[in-house]
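These protein sequence lines are chains P and D, in that order. Counting from 1, position 127 in the first sequence corresponds to residue 127 in this note's numbering; the numbering is continuous, with no gaps. Counting from 1, position 11 in the second sequence corresponds to residue 11 in this note's numbering; the numbering is continuous, with no gaps.
Derived from the structure by calculation, the hints contain no laboratory data. Everything numeric in this text was worked out from a predicted model, so none of it was measured. A few of these clues could be false.
Here are the simulated DSBU-like cross-link-like pairs (lysine-lysine), alpha carbons at most 30 angstroms apart as the crow flies [said to hold, decoys possible]:
#, chain 1, residue 1, chain 2, residue 2
1, D, K65, P, K49
2, D, K65, P, K66
3, P, K68, D, K9
4, P, K348, P, K219
5, D, K23, D, K65
6, P, K4, D, K23
7, P, K72, D, K79
8, D, K23, P, K75
9, D, K79, P, K25
10, D, K6, P, K38
11, D, K79, P, K34
12, P, K25, D, K23
13, P, K65, D, K65
14, P, K108, P, K139
15, P, K139, P, K204
16, P, K4, P, K75
17, D, K38, P, K38
18, D, K9, P, K25
19, P, K54, D, K38
20, P, K68, D, K38
21, P, K72, D, K65
22, P, K258, P, K275
23, D, K88, P, K4
24, P, K25, D, K88
25, D, K65, P, K54
26, P, K76, D, K79
27, D, K65, P, K76
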Amino acid sequence: MILKYIYMFFVGYINIIVEGFFIEKFLNICRNRKIFLKDLHRENNTYIKINILKSDFREIISIAKKTKCRVKINKKSGIPFIISKYRKRKVFAIAVLVIAIFIFMMTKFIWNIEVIGNEKISKEEIIDLVKMQGISIGKFKKSINIEEVCNNIRIERQDLSWIGIEIKGTNAIVTVEERIEKPEIIDKNEICNIVASKDAIISKMIVQSGTARVKEGDKVKKGDLLVEGVMEGEHSGIRNVHSEANIFGKNYFEKEKKENFVQIETVKTGKEENKNEICINNFKINLNKGVSNFKNYDTIVSSKKLKLFSNFYLPIEIIKTTNIELSNVQKTYSEEELKQKLEQELEKEMEEEFEISKFDDKKRDLIITKKDGGLRVKLIYEIQEEIGEKKSIN
Amino acid sequence: MRDYNKVSKFLEIPREVISNVPKITITGFDEILIENFKGIIEYEDFFARISTAIGNININGFNLKLNQMTDDDLLVSGKIENIDFEEKNLK
Numbered sequence: 001m002i003l004k005y006i007y008m009f010f011v012g013y014i015n016i017i018v019e020g021f022f023i024e025k026f027l028n029i030c031r032n033r034k035i036f037l038k039d040l041h042r043e044n045n046t047y048i049k050i051n052i053l054k055s056d057f058r059e060i061i062s063i064a065k066k067t068k069c070r071v072k073i074n075k076k077s078g079i080p081f082i083i084s085k086y087r088k089r090k091v092f093a094i095a096v097l098v099i100a101i102f103i104f105m106m107t108k109f110i111w112n113i114e115v116i117g118n119e120k121i122s123k124e125e126i127i128d129l130v131k132m133q134g135i136s137i138g139k140f141k142k143s144i145n146i147e148e149v150c151n152n153i154r155i156e157r158q159d160l161s162w163i164g165i166e167i168k169g170t171n172a173i174v175t176v177e178e179r180i181e182k183p184e185i186i187d188k189n190e191i192c193n194i195v196a197s198k199d200a201i202i203s204k205m206i207v208q209s210g211t212a213r214v215k216e217g218d219k220v221k222k223g224d225l226l227v228e229g230v231m232e233g234e235h236s237g238i239r240n241v242h243s244e245a246n247i248f249g250k251n252y253f254e255k256e257k258k259e260n261f262v263q264i265e266t267v268k269t270g271k272e273e274n275k276n277e278i279c280i281n282n283f284k285i286n287l288n289k290g291v292s293n294f295k296n297y298d299t300i301v302s303s304k305k306l307k308l309f310s311n312f313y314l315p316i317e318i319i320k321t322t323n324i325e326l327s328n329v330q331k332t333y334s335e336e337e338l339k340q341k342l343e344q345e346l347e348k349e350m351e352e353e354f355e356i357s358k359f360d361d362k363k364r365d366l367i368i369t370k371k372d373g374g375l376r377v378k379l380i381y382e383i384q385e386e387i388g389e390k391k392s393i394n
Numbered sequence: 001m002r003d004y005n006k007v008s009k010f011l012e013i014p015r016e017v018i019s020n021v022p023k024i025t026i027t028g029f030d031e032i033l034i035e036n037f038k039g040i041i042e043y044e045d046f047f048a049r050i051s052t053a054i055g056n057i058n059i060n061g062f063n064l065k066l067n068q069m070t071d072d073d074l075l076v077s078g079k080i081e082n083i084d085f086e087e088k089n090l091k
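Pulled out of the complex, with its shape left as it was, chain P reads as follows (with noise of 0.2 angstroms):
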């Protein structure tokens, strides 16, 4: 039933009132052309109400005046009533094919550079890298040859062990694996020296062959010669020997830090305004204009990309800066407290600079110094390590 509803959707029907006295004559001869006849109601004794298809309507206009009655239209439905509604907006249909060939054009474009797996080789260097083998934002997508750039970048770069790029929707994936360096593998019988691989304190040496040439408590820098490869023998005299030691050295890192019980800090009022900018391939424009109402304020900005679906980026962005209203408020810290905060502090900066958490064998010394009205809280941590490095010597 619903399915002919949709059928006489698309065609278009028309309900009309057909008024006379005629009506099971009207309604006979139109079972004889054959004339679909839906939903008849007799709401009076003179008319009644039909659905009839668009292109019956002539016939039941002539089937009508030979059976005398009269034919009224009451409503009309369906896509070509709706299509001819609108037939004088032809601007309107124009622009809906102008924005459709727009899309569909802007989809044979790149506009989103995507980088994945890179570490110490930066995401704008890769972008450079691309660009100059000829895939850059707004590029033509068939005018790429995909495996031409990669085998040129592999070519030319040697810290690249691999580089994929996948083009999906109007992003360009570059997938990039960087090479990892091995070490210098000397051979077992080869002659070598072990030297310092970086500046320390030597705490401990265990040398198995080879003399050495530092003591414990001496200081190197990096590359200085610890253990050379020679040993010295009462019958057998100086011989050139494969070197073998592991050589311990101390390394300190210290961090101080000084603050007054009594301090002003900035607490955020949880006021906020908004900026947006738009930004299409450089061109910016600014929404909001003018200053920031607020006096003492943070700034956030965030950019985002214009996509459709998931993969289609437009070339168009929007800039949003956030202004957060700051207010300074005095706080008193007690000694504990303040040495609690200093010392978590000191532990994310130091950690942060020097990696603290890598190293293994490590002592950790805090020194606490009050001083008028504040405290100086320094953190020293001792850190032991192997550092000797072989190396030929030829």
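Given the structure of chain P, go ahead and fit chain D onto it with the hints provided.
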């Protein structure tokens, strides 16, 4: 009846397909489907008289609607009170 011979009986072809005998299907008390009808003699809100090859069908009820009318079947819906048949005298 005369068209319904032994061959079609053997092949179990439905009667309404090979002859112009109407097939009347009543669903519930509110829907009647008449296949192989000839024409509408009378149609009112409360009464419908439909002619077929072997006689007339009278339907009494309220709010009768002819839901669908094509050249060989007719769907009458509404509150149906009674149905009766007037058999034509066939020679």
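Here is what the structure says about each hint:
{"no.": "1", "hint": "D:K65 - P:K49", "verdict": "10 angstroms, holds"}
{"no.": "2", "hint": "D:K65 - P:K66", "verdict": "24 angstroms, holds"}
{"no.": "3", "hint": "P:K68 - D:K9", "verdict": "47 angstroms, violated"}
{"no.": "4", "hint": "P:K348 - P:K219", "verdict": "29 angstroms, holds"}
{"no.": "5", "hint": "D:K23 - D:K65", "verdict": "19 angstroms, holds"}
{"no.": "6", "hint": "P:K4 - D:K23", "verdict": "22 angstroms, holds"}
{"no.": "7", "hint": "P:K72 - D:K79", "verdict": "28 angstroms, holds"}
{"no.": "8", "hint": "D:K23 - P:K75", "verdict": "34 angstroms, violated"}
{"no.": "9", "hint": "D:K79 - P:K25", "verdict": "25 angstroms, holds"}
{"no.": "10", "hint": "D:K6 - P:K38", "verdict": "38 angstroms, violated"}
{"no.": "11", "hint": "D:K79 - P:K34", "verdict": "28 angstroms, holds"}
{"no.": "12", "hint": "P:K25 - D:K23", "verdict": "23 angstroms, holds"}
{"no.": "13", "hint": "P:K65 - D:K65", "verdict": "24 angstroms, holds"}
{"no.": "14", "hint": "P:K108 - P:K139", "verdict": "9 angstroms, holds"}
{"no.": "15", "hint": "P:K139 - P:K204", "verdict": "61 angstroms, violated"}
{"no.": "16", "hint": "P:K4 - P:K75", "verdict": "18 angstroms, holds"}
{"no.": "17", "hint": "D:K38 - P:K38", "verdict": "17 angstroms, holds"}
{"no.": "18", "hint": "D:K9 - P:K25", "verdict": "37 angstroms, violated"}
{"no.": "19", "hint": "P:K54 - D:K38", "verdict": "25 angstroms, holds"}
{"no.": "20", "hint": "P:K68 - D:K38", "verdict": "22 angstroms, holds"}
{"no.": "21", "hint": "P:K72 - D:K65", "verdict": "19 angstroms, holds"}
{"no.": "22", "hint": "P:K258 - P:K275", "verdict": "38 angstroms, violated"}
{"no.": "23", "hint": "D:K88 - P:K4", "verdict": "35 angstroms, violated"}
{"no.": "24", "hint": "P:K25 - D:K88", "verdict": "21 angstroms, holds"}
{"no.": "25", "hint": "D:K65 - P:K54", "verdict": "21 angstroms, holds"}
{"no.": "26", "hint": "P:K76 - D:K79", "verdict": "29 angstroms, holds"}
{"no.": "27", "hint": "D:K65 - P:K76", "verdict": "21 angstroms, holds"}
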